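One line per chain: the protein sequences are A and B, in this order.
Under the working numbering, the residue at position 259 of the first sequence is numbered 259, and the numbers go up by one with no gaps.
Under the working numbering, the residue at position 34 of the second sequence is numbered 34, and the numbers go up by one with no gaps.
Hint data in this document are derived by calculation from the structure and do not stem from the laboratory.
Given the structure is predicted, the values throughout are model-derived calculations rather than measurements.
Glycine residues also receive a C-beta, built at the ideal position from the N, C-alpha and C atoms.
One or more hints might be untrue.
What the hints assert, rightly or not - Simulated pairs of lysine to any residue, SDA-like, Cα-Cα distance not exceeding 25 Å:
hint, chain 1, residue 1, chain 2, residue 2
1, B, 67, A, 34
2, B, 79, A, 80
3, B, 129, A, 137
4, B, 72, A, 73
5, B, 67, A, 273
6, B, 67, A, 137
7, B, 79, A, 19
8, B, 33, A, 44
9, A, 203, A, 171
10, B, 79, A, 21
11, B, 102, A, 38
12, B, 79, A, 137
13, B, 53, A, 19
14, A, 237, A, 89
15, B, 144, B, 159
16, B, 67, A, 52
17, A, 203, A, 103
18, B, 72, A, 80
To be verified - Okay, the calculated beta carbon distance ranges per label pair:
hint, chain 1, residue 1, chain 2, residue 2, range
19, B, 140, A, 338, 53 to 63 Å
20, B, 34, A, 51, 33 to 43 Å
21, B, 122, A, 273, 35 to 45 Å
22, B, 128, A, 194, 44 to 54 Å
23, A, 174, B, 159, 16 to 26 Å
24, A, 92, B, 122, 55 to 65 Å
25, B, 24, A, 51, 23 to 33 Å
26, A, 312, B, 144, 24 to 34 Å
What the hints assert, rightly or not - Covered stretches of chain B, going by a simulated chain A footprint (3 or more residues, C-beta under 8 Å):
hint, segment
27, 94 to 107
28, 143 to 157
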Amino acid sequence: MAIGVAVLMATYGVAYAVGLRRAPVMQAAAEAARAAVADARTADAMTWAPDRLLTAEAALRDGLAAQRVEEMRLWPIPDTQRVVEAFSVAERAARDALGVARESRSSAATAAASLIADAEAAVAASEALATTIHLGAARRALLAQARAALAESRVYEREGDFGNATVRARQAVALSAQMHDHAAAVAARYADGETLARWQRWKDETVAWSRREGRAAILVSKEAHTLTLYDRGKAVKTYRIDLGFNWIADKAHAGDGATPEGRYRVVTRKSRGATIYYKALLLDYPNQQDRADYARARRDGTLPASAGIGGLIEIHGEGGRGRDWTKGCVALTNPDIDDLFTRVGVGTPVTIVGNDSYGAIAEFARQRRTGGALDGRQP
Amino acid sequence: MRPNVKMWIVVLGLAVAAAGCGAPPKADIDAAKAALDQATSAGAGEYAADSLKAVQDAQAALDAELKAQEGKWFASYDKAKELAAAAKTAGEKAMADAAAGKEKAKADATAAIEEAKTLLTEAQALLDKAPKGKGTAADIEAMKGDLTTAGTSITDAEAALAAERFVDARAKAESAKAAATTVKTAIETAMAAKKG
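Bound-form chain B, shown alone (with noise of 0.2 Å):
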């Protein structure tokens, strides 16, 4: 009888060990999780939308692991800590998307306001030189009316950009760009229409 028992006690002890082993790796699931929510935070919905389904797919893949492994006796989460791994290295890049993303959509509103700037520029020096009397004085106060409206558009834009709209500040700028082209186009079309 005796050998059995210390047979039996060494198996328990085994099992004991084991399940030791099989605690949820949870510094590697915290870091996993963090990465998605740091990549959700820097916008990647907005900016890097199919890196951030990646991350999501990996933290569904984790998320699967992790259930399948609770209930298990025996829990193994090896699996677990590389899918862990997986999911931040995917939530990494989702960031680094993300911020690229961010600043093209920056670099593209800043464009925007800087070409409305130019037209706006272009607009009113045109308008300087259109010819006054008796058949144009309305006219020209119109457009200049109309250019006063495209420049509150640009400090409206600016004030998008500085507060990270870039899409509100695209739309703001492209309105700008609609008007001062209109007047442009309109003088343009009126000196050639003299000259001719």
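This is chain A alone, in the form it adopts within the complex (with noise of 0.2 Å):
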């Protein structure tokens, strides 16, 4: 009897000692799919990959109850291989959940950075645009509100919302192009062939003119920005300008901040004291042809009653500043003014063009037109 008890005691000190020594491997197993699910947790796989992590969840739970029912169990060795392969199912599940969530949230980040990144040049493309072509006040809330976009983006792909910083960037994209369709609309007339031809047609008899008369006329392309000097039918110096902060658009009415387009002459020369501009040449807008336009628009009720037609346009000094900052007028610089003033006098002729060739605001529109992209080139 007491033999048979002594190695019954024997026989489950040694299952005891196996037992213990088997313990750790299951602990490590435990460990290392709760170390795998905690890492799907980290890397957020309940936002990118729920449906992996709860089943990677649940095989944690199965692990630990089997680990827990072989602790319990009155036979000491415990089924090791068992518990340690319920938590190779928990750990494999924890690393699906977090390989997918790693490659959705990249997915994701790389799609709004790249929309953020076409956002930025869409807004700064419209930047660009709003300094070449005058916005009204509505237009200016479209690009405001372009760049309140853009900015909001950011802050949501720093915080890793990236479907909210999808949708503004996405936004700031739409408003910016609204701004390029407008922008695009204000440019046509540059690549209008019926407009381009009349520009290029008061060039040629301008110098035409020049060469006849053996005199001095002047040439102002609105696009390029230069005003250039014929003398007996030869350009002899152009000189750098600043326009009407609207100078795309044609004169219209007072106010409109647009450089007139025709064929005008000086009529006063006004030097220093007499402007406040330095120095000044007066020209004779409104001519007949504004005039008519003006009676035409006024009947057609594309003008309110309250708007003038305007006057007062020169070129005169103060330029330079590397902006088009005028209500209508031709600017230089002091040096040009005063060279210019030498040069021509009271009754010379001055013709003002949009451009006197294809250029890249006609390209623009004509990009436009045809449902270019937005890319961003300028005019």
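With the hints as a guide, bring the two chains together.
As structure tokens, then:
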């Protein structure tokens, strides 16, 4: 009897020792599974791979339960294989969740970054357009809203909220596209064959007059921002100019900021003291054609009743600011107006054209009309 | 035979008593589950992610213990009680951490809105002082429009703050700050150039 008890106790002791050696194996498997689930959670698998994470968590619970069952068995040698396998299932599921979460997050981050880059390019293009083409308050608000949407998309991106980052970046692109559509409509005249031909004809007639009369004549090209002085039909000097803040349009009424297009003459020379802009050459705007256009616009109702035709269009000094700031005049630097003053007088023809060739603005309008992508190309 | 019958009755009675003692601690389990739910509802997922993970781990350990005991003839729920208490404590901590995290997010958003308001006021004051003339009228009008949009962003940020959408509030405030700063910088640059 005593021998039997001793044998039993010895057997149990050996089994207990074997069990003690196996416990760390189960614990290591448990820790590995826990760590894998923790990694998946840290990678925000609950957002990016929720089903897979839930599967892994359920498998981890199964593993822990299996481990507890083995720990509580009367017979001290646990079924390590069963427990380790259960934790392995959990670990694999967690690694799967981690991989999918990382991939999904990375894809979303890449897509958001790409859209934000598009939005940045679109808004930058719009900023450039805004300095080239005068924007009314409504269009200016579009630009401000596009900037705001872009700024917001960057904040969402930093927060890892790629969904909202994408939405706001798309809004910035869409708002910029609306601005580009407006700009293209404004620029369309520069691609219109009839208008280009008229500007070319004005230029040719002006140069021909200068040659025939042996006198000076002035050609202002708005897009090129140049004033070219012709003498006896030859271009003798070209000056850089600033124009009206809405220079791209043809002047329609007072206060529109547009520089008029047409054939004018110098009617008054204003020396220093006679103008706040250093020196000035007053033009005969509005001419007969301007008056006819204005009357027609009033009849058609495209101009408000309170809008006057405007006047006091000059070539004057105080220019060289590198931006278009006048209300419609042509501004030169003071040394340039000094120089020009010595070369021209009352009666000198001044022809103002949008452009004398098919230029960048025309190309921009054409591309936009043919559905060209918003790629930041500027007039 | 009689003593054997008595012995079996005693054994059976002890077994029944043992089985009766082995019922799962429902109240503790429910309290632990409620703490997890409350922490989640309090926004622990967003504002106290690490604490929520600790609760989830504690809950997983409790679930595993309950599952392990389910299959036993003589179940013991002492450890389950301990784990339920630990899960409840972790849940309460996550709830408190979530509340603190939410307060911080609210404070950050509020601070961003206040900064945006200050910048907007400064930009508006500068714009009022900006020299008005033939060369600046169009620029001033454009900047006024930009500041109006910034003001709208601040209004939107305040609405988002009131709705406890703190990231939205911060995003709107940041965009207003950027717009106001751009205008401020433009005016200051122009003024410096004029002085120079």
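Status of each hint after checking the structure:
| no. | hint | result |
| --- | --- | --- |
| 1 | B:67 x A:34 | holds, 18 Å |
| 2 | B:79 x A:80 | holds, 22 Å |
| 3 | B:129 x A:137 | holds, 21 Å |
| 4 | B:72 x A:73 | holds, 10 Å |
| 5 | B:67 x A:273 | violated, 99 Å |
| 6 | B:67 x A:137 | violated, 68 Å |
| 7 | B:79 x A:19 | holds, 21 Å |
| 8 | B:33 x A:44 | holds, 22 Å |
| 9 | A:203 x A:171 | violated, 44 Å |
| 10 | B:79 x A:21 | holds, 23 Å |
| 11 | B:102 x A:38 | holds, 23 Å |
| 12 | B:79 x A:137 | violated, 71 Å |
| 13 | B:53 x A:19 | violated, 32 Å |
| 14 | A:237 x A:89 | violated, 84 Å |
| 15 | B:144 x B:159 | holds, 23 Å |
| 16 | B:67 x A:52 | holds, 22 Å |
| 17 | A:203 x A:103 | violated, 62 Å |
| 18 | B:72 x A:80 | holds, 19 Å |
| 19 | B:140 x A:338: 53 to 63 Å | violated, 30 Å |
| 20 | B:34 x A:51: 33 to 43 Å | violated, 26 Å |
| 21 | B:122 x A:273: 35 to 45 Å | holds, 39 Å |
| 22 | B:128 x A:194: 44 to 54 Å | holds, 46 Å |
| 23 | A:174 x B:159: 16 to 26 Å | holds, 22 Å |
| 24 | A:92 x B:122: 55 to 65 Å | holds, 58 Å |
| 25 | B:24 x A:51: 23 to 33 Å | holds, 29 Å |
| 26 | A:312 x B:144: 24 to 34 Å | holds, 26 Å |
| 27 | 94 to 107 | violated (count 0) |
| 28 | 143 to 157 | holds (count 6) |
Checked against the numbered hints above, the structure breaks hints 5, 6, 9, 12, 13, 14, 17, 19, 20, 27 and satisfies the rest.
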